[in-house]
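Can you build the whole structure from these sequences, using the hints too?
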Amino acid sequence: MRRTMIIILVVAALLVFGFIYYALDPSASSAFPQCTFLTLTGYKCPGCGSQRAIHALLHGDVVDAFKYNAMLFIAIPWIGLCVYAESRRTRNPRQYARLNAPLLIWLFLAMVLIWWVLRNIFGW
Amino acid sequence: MHYWINHNGVQSGPVDLDGIKELHLTSAAYVWHEGLPDWVKITQLPELQGTYEVVGEPIVAASKPQGGAVTGQPYQQQPSMPQQQYANDLEPAQTEPCPPTNLVWAIISTVLCCLPVGIVAIIYALKVTNKYREGDIEGAKRASETGAWWCIASIVLGIIFCQPMLSMLPELMGSGM
Chain D
37 MRRTMIIILV VAALLVFGFI YYALDPSASS AFPQCTFLTL TGYKCPGCGS QRAIHALLHG
97 DVVDAFKYNA MLFIAIPWIG LCVYAESRRT RNPRQYARLN APLLIWLFLA MVLIWWVLRN
157 IFGW
Chain F
138 MHYWINHNGV QSGPVDLDGI KELHLTSAAY VWHEGLPDWV KITQLPELQG TYEVVGEPIV
198 AASKPQGGAV TGQPYQQQPS MPQQQYANDL EPAQTEPCPP TNLVWAIIST VLCCLPVGIV
258 AIIYALKVTN KYREGDIEGA KRASETGAWW CIASIVLGII FCQPMLSMLP ELMGSGM
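Line order of the protein sequences matches chains D and F. Residue numbering for the first sequence follows my numbering, beginning at 37 and increasing consecutively. Residue numbering for the second sequence follows my numbering, beginning at 138 and increasing consecutively.
Quick caveat, the hints were computed from the structure, so don't treat them as lab data. Everything numeric in this text was worked out from a predicted model, so none of it was measured. The beta-carbon is built from N, C-alpha and C at its ideal position, and this holds for glycine as well. Be a bit skeptical, because a hint or two may be false.
To be verified - Only part of the chain F face toward chain D is listed, based on derived beta-carbon distances under 8 Å:
hint	residue
1	N145
2	S149
3	P151
4	E171
5	L173
6	P234
7	P237
8	L240
9	I244
10	I245
11	L263
12	T266
Unchecked claim - Computed beta-carbon distance windows for the label pairs:
hint	chain 1	residue 1	chain 2	residue 2	range
13	D	S123	F	E271	23 to 33 Å
14	F	I296	D	Y58	13 to 23 Å
15	F	E171	D	I110	54 to 64 Å
What the hints assert, rightly or not - Facing chain D, according to a computed beta carbon distance under 8 Å, are these residues of chain F, among others:
hint	residue
16	Q186
17	T238
18	I256
19	V257
20	G276
Here it is in structure tokens:
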């Protein structure tokens with residue numbers, strides 16, 4: 037019962053946000069939040085450009101999405117994998133432990149940090 | 138209901154009630170299911186009565202296959218004993234499910250909330266699995282909770298900065314989509 041509720045809520049939230057990000061262009065509309073880190077420091081954060089990238093992705097524009105935030109192309113499948121592991125955490129603890137292995141989390145962390153530095157050096 | 142079984146040091150599961158019958162267990166087996174704080178003897182779960190063969194004092198302590206968390210002497214067993222055995226166990230991953238790492242939320246807040254707070258949440262996710270691997274279930278649970286608070290913090294901060302989004306609702310209506 038609780039499980040079904042969560043699934044319904046997540047799908048509803050995805051639909052609402054999907055619609056908003058499809059209908060409006062974050063780079064043209066002032067309504068979308070600016071990155072606080074960028075505003076404060078002048079440097080891009082690892083997530084900068086993800087709103088524009090999602091808008092582009094929803095319009096099928098993969099190339100533009102990649103230009104806005106390339107990390108999203110790794111992060112989104114990774115999120116999917118983690119959601120899957122999370123949904124089976126108690127039923128399949130071994131699989132959960134494998135997908136949440138320290139090595140994998142280190143890998144993700146390293147990727148985020150390297151991406152953070154590189155994009156500010158090369159202006160990605 | 139799914140059960141994890143430890144029979145003479147050999148672990149299996151998760152299995153359901155019908156699956157337990159097929160395992161041909163004896164009363165020396167240990168059982169764990171979600172909600173139980175620790176392994177219990179199969180004889181202590183009334184719903185499993187009749188699924189196992191009652192035997193006398195087991196002679197199993199000598200040969201303990203790898204990964205076995207529970208060994209002999211079940212009759213003089215003190216409540217704290219299995220816990221100590223976990224600490225020495227190489228793979229506690231097989232005894233109790235890992236506490237949530239909140240990795241999903243950590244990644245989402247790193248990528249979408251524009252806030253480096255998410256990175257702290259990732260580090261806590263790492264802490265959860267590391268402690269869990271070391272057999273420190275309590276420590277893993279604590280790290281899991283702290284990590285969850287970091288996720289909540291970054292999402293709340295994200296919502297505060299997303300406030301201008303509410304103002305675009307009229308724009309949405311006006312666009313006629």
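To see whether the hints hold, each was checked on the structure:
no. : hint                          : verdict
1   : N145                          : violated (21 Å)
2   : S149                          : violated (12 Å)
3   : P151                          : holds (6 Å)
4   : E171                          : holds (5 Å)
5   : L173                          : violated (12 Å)
6   : P234                          : holds (4 Å)
7   : P237                          : holds (7 Å)
8   : L240                          : holds (5 Å)
9   : I244                          : holds (5 Å)
10  : I245                          : holds (6 Å)
11  : L263                          : holds (5 Å)
12  : T266                          : holds (5 Å)
13  : S123(D) / E271(F): 23 to 33 Å : holds (26 Å)
14  : I296(F) / Y58(D): 13 to 23 Å  : holds (21 Å)
15  : E171(F) / I110(D): 54 to 64 Å : violated (33 Å)
16  : Q186                          : violated (25 Å)
17  : T238                          : holds (5 Å)
18  : I256                          : holds (7 Å)
19  : V257                          : violated (11 Å)
20  : G276                          : violated (14 Å)
The structure fails hints 1, 2, 5, 15, 16, 19, 20 (numbered hints given earlier, in ascending order).
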